[in-house]
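With chain A held as given, fit chain B onto it using these hints.
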Amino acid sequence: MREFAHVPGACPFLLPCRCLTRADMRWIGCRFVKPNGGVVPTPKILPCGDSALTVEFGSTIDPALNAMVLALDEIVRTRAPTGLIETVPTYRSLTIQFDPAVTDYDALVRLLDEETKDLAPRHSVGRRWRVPVVYGGAYGSDLEEVAEIHGLTPNQVIEIHSSAVYRIYMIGFLPGFTYLGGLDKRIATSRRVHPRAKIPAGTIMIGGEQAGIAPMDMPSGWHNLGLTPVRPYAPERDPVFLFAAGDEIVFEPVDESRWEAMEKAVRAGEPVAEEVRP
Amino acid sequence: MIDLVVKSCGPMTALQDRGRIGYQGFGVSPSGAMDRRALAMANTLVGNPPDMAAIEFVNLGGSFTAEGGDLRLAVAGAGVSASIDGTPVPLLTSFMLREGQTLDVGHPRTGTFAYLSVAGGLAVEPQLGSLSFHLRSRLGGLKGAPLKAGNHLPCRLEAQAGEPMQLTVDVVEETGPLRVMLGPQDDYFTPESIQLFLESEFTISPQADRMGFQLTGPKLEHAKGFNIVSDGIVDGHIQVPGSGQPIVLMRDRQTAGGYPKIATVISADLARFAQMRSGTKVRFRTVERDEAVAAARQLKDWIASLPSKLTPVRFDLTTEHLLSRNLIGGTVDALSSASHE
Chain A
1 MREFAHVPGA CPFLLPCRCL TRADMRWIGC RFVKPNGGVV PTPKILPCGD SALTVEFGST
61 IDPALNAMVL ALDEIVRTRA PTGLIETVPT YRSLTIQFDP AVTDYDALVR LLDEETKDLA
121 PRHSVGRRWR VPVVYGGAYG SDLEEVAEIH GLTPNQVIEI HSSAVYRIYM IGFLPGFTYL
181 GGLDKRIATS RRVHPRAKIP AGTIMIGGEQ AGIAPMDMPS GWHNLGLTPV RPYAPERDPV
241 FLFAAGDEIV FEPVDESRWE AMEKAVRAGE PVAEEVRP
Chain B
1001 MIDLVVKSCG PMTALQDRGR IGYQGFGVSP SGAMDRRALA MANTLVGNPP DMAAIEFVNL
1061 GGSFTAEGGD LRLAVAGAGV SASIDGTPVP LLTSFMLREG QTLDVGHPRT GTFAYLSVAG
1121 GLAVEPQLGS LSFHLRSRLG GLKGAPLKAG NHLPCRLEAQ AGEPMQLTVD VVEETGPLRV
1181 MLGPQDDYFT PESIQLFLES EFTISPQADR MGFQLTGPKL EHAKGFNIVS DGIVDGHIQV
1241 PGSGQPIVLM RDRQTAGGYP KIATVISADL ARFAQMRSGT KVRFRTVERD EAVAAARQLK
1301 DWIASLPSKL TPVRFDLTTE HLLSRNLIGG TVDALSSASH E
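Protein chains in written order, with the working numbering: chain A, 1 to 278; chain B, 1001 to 1341.
Only chain B is shown next, with the shape it has when bound in the complex:
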């Protein structure tokens, strides 16, 4: 076993994977990575399945060392950079962290969430089938806790051999309004409110976390009260409590809730939305099911195609080369994380 040792990290740094599937009927939130595209990129770079558990950084980076051997690692998401003993690692490239070296992961730059993947994943015991940390349930992560300085994360010795790879992705990010489908409770709102919702600009408030993003904007009036008998909640539901200010429910959401939900962000746009920071202005537009499903398929295909976009890094890490890699990486990164409208 080789340990990835946490030297420092932000308070919400924790393990996240695909999410905890199959226990929502027992009140367990799915949780899981907020940006599954970035998780998939970090994992693909080290040869892991796209949904495997990685370290999720929330706003703040961290530093790490390897103990007992060398580790093959990669970071991705929100333009995050990494350096080893002060030397920058090219973006979207996997790298070796030798025993005794220090890895510094920068703060997510263009968004909120970034990921650090270890080849072969982490040898940590899952809870209810997942390593995803969920604060309120005290599930996942390291025995129900986020990471903190001093934690040792056991990694698989046999998975660390392998060449550094680089990922060249050519995704063109949607930059328009977030796509939503109306419902399930759009009939709880006046037609004027629905129009207002679709025609207005909303601002992501500072109350935005893994549970949900509070938006501020024009007040959305309910047509028949704002209390419903609790019903099921899914990722991307936009619930509107009595204040008339919508909340977009994210991965740490509850499993059921009692506020009417005016619309639902389509699954393909959730990662993009997750990377939008407080203060970002958002608009919504409705789409038909066909468009939403096509977008979901496109995202799934894109994730599945990532391994084909890997190429080995065969060069000496000269300054010149580092610069060129950074340029390419930077372009790619701006495209893949576009968090501004």
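So here's chain A without its partners, still in its complex pose:
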């Protein structure tokens, strides 16, 4: 990564910069990075009322952007500026919520300025999880349809789905719902015309170029490929949340005959998802 000096209000790369038009929006440093050979505009601070701000690193789904989001998240949580309430990392931005009555906003912005100057992307926290999945049949009612859409056999879809490494970009929508990137484009499938009002917890699903694991019974417009007994979220378990943003997930096809034993282990509070070496 090459570093350039910050020139307030005058981006040397002439990137669209809103700080030129709005006093409340500013650049945090001026930076030129080439994660995938492209230009990543410098992070911007977007105001979210008096109690929050969003540091936006870009507007696309990109592992390099996400890595920077997570790096900054860790720094902000460690530095814990006065009045910090919590942080919400997403695909491409970090929302920082604080108590406006005690937080020095200018000092917070200065801290973000400073900390993003030499921000090292955090590509992964080093945890990779292997999640067992029973594919197809009653476990994944859309497997055959997805195969048909792409002119593949169900086994090919399983092979493609289970040989990718997925990155958890963010957790949101519901407690523990993982937004996974890394789905092979060969099986990317636009969402169902008729969403389902309820799919069971543990559903392994794909929607567009995204993949996910249902943490609880939930409504969904995605396609169900299989089912895992693993519970990403279990309020009575320690840890309550199994996965964190930045973790990686690989799916392991398992035979239906193993379902009962795995489910029993989950009920006993075991994670069943296994931490493996990348």
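These aren't lab readings, by the way, just hints derived from the structure by calculation. In this text, all values refer to a predicted model and were calculated from it rather than measured experimentally. Treat the hints with care, since some could be wrong.
Claimed, not checked - Footprint (simulated), chain A over chain B, 3 or more residues, beta carbon under 8 Å: (1) 1124–1138; (2) 1262–1274.
Stated by the list, open to error - Just a few of them, taken from the derived set where beta-carbon distance is under 10 Å, the chain B residues facing chain A: (3) Q1024; (4) G1027; (5) V1028; (6) G1069; (7) P1184.
All residues carry an ideal CB built from backbone N, CA and C; glycine is no exception.
Okay, now just chain B, sitting in the frame of chain A:
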């Protein structure tokens, strides 16, 4: 232990406190009381910290009894009234519910949300650090559920001794347009749309709940589409989906979303907005950060000052006195809940 027993209540009656802090990064909505001023008043009346969990009423009241002893209670918010075995309790006054008596909490009158606090709070196990009920996550409340007839809420025996207190608050409510700060995605809208947003009157639609209030009004045009890659959401964000009709996101909102957000209601105006009912007309005006922060500090100071505004109730509950208390209470209440523009 003394139990507060639910005899009847509305379907959305549930426990709410400050909210569930620290889990939004794991997809858990903060939830929490919609009107933190009213929660603070009910709690202060019974000597609790202002953010402690209380029963939140949504549109409908309820009735309760005490089992195993007497309970010291208070209600506040949206002009809500209470009566014990048919005798009205003066507004903004704590009271004892004796074993065997029935407490009737009326429907919130001037708004949507009202609170019933018990001295010492409720001895219910929090989930992820909070008792706040969140419907979609099935978290908080009573094991992830709202209240229903027959529920027993354990209360702390040792906290029930104490005198009835009354609260005399002299807050003058803002009645002007709701104050907003533009952003985070105001650049997704045409300048004309932003002007339209700031100059038009919007109506709170019947689709208004703890997740968000749908507004109807002139269509706000997007300048560059209405899909963004999901980013973080905060209370008061005003998101505008493809319909061009804004939605103000409230405490049960999701943690992230994919619609551009034109502006954010400042934190000090959220409770006032929460108490506005469907059909209420609203306008918005932008403020600078300084004004928003000053308003947030003012609200915080006001909540912190509530205990100093308590005075013991030392009188026989004669009809005359009840009436005078009601008059004072009524005035105060109209000021503190003003839900009409």
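Hint numbers not upheld by this structure, sorted from lowest to highest: Going through the list in order, the structure violates hint 6 alone and respects the others.
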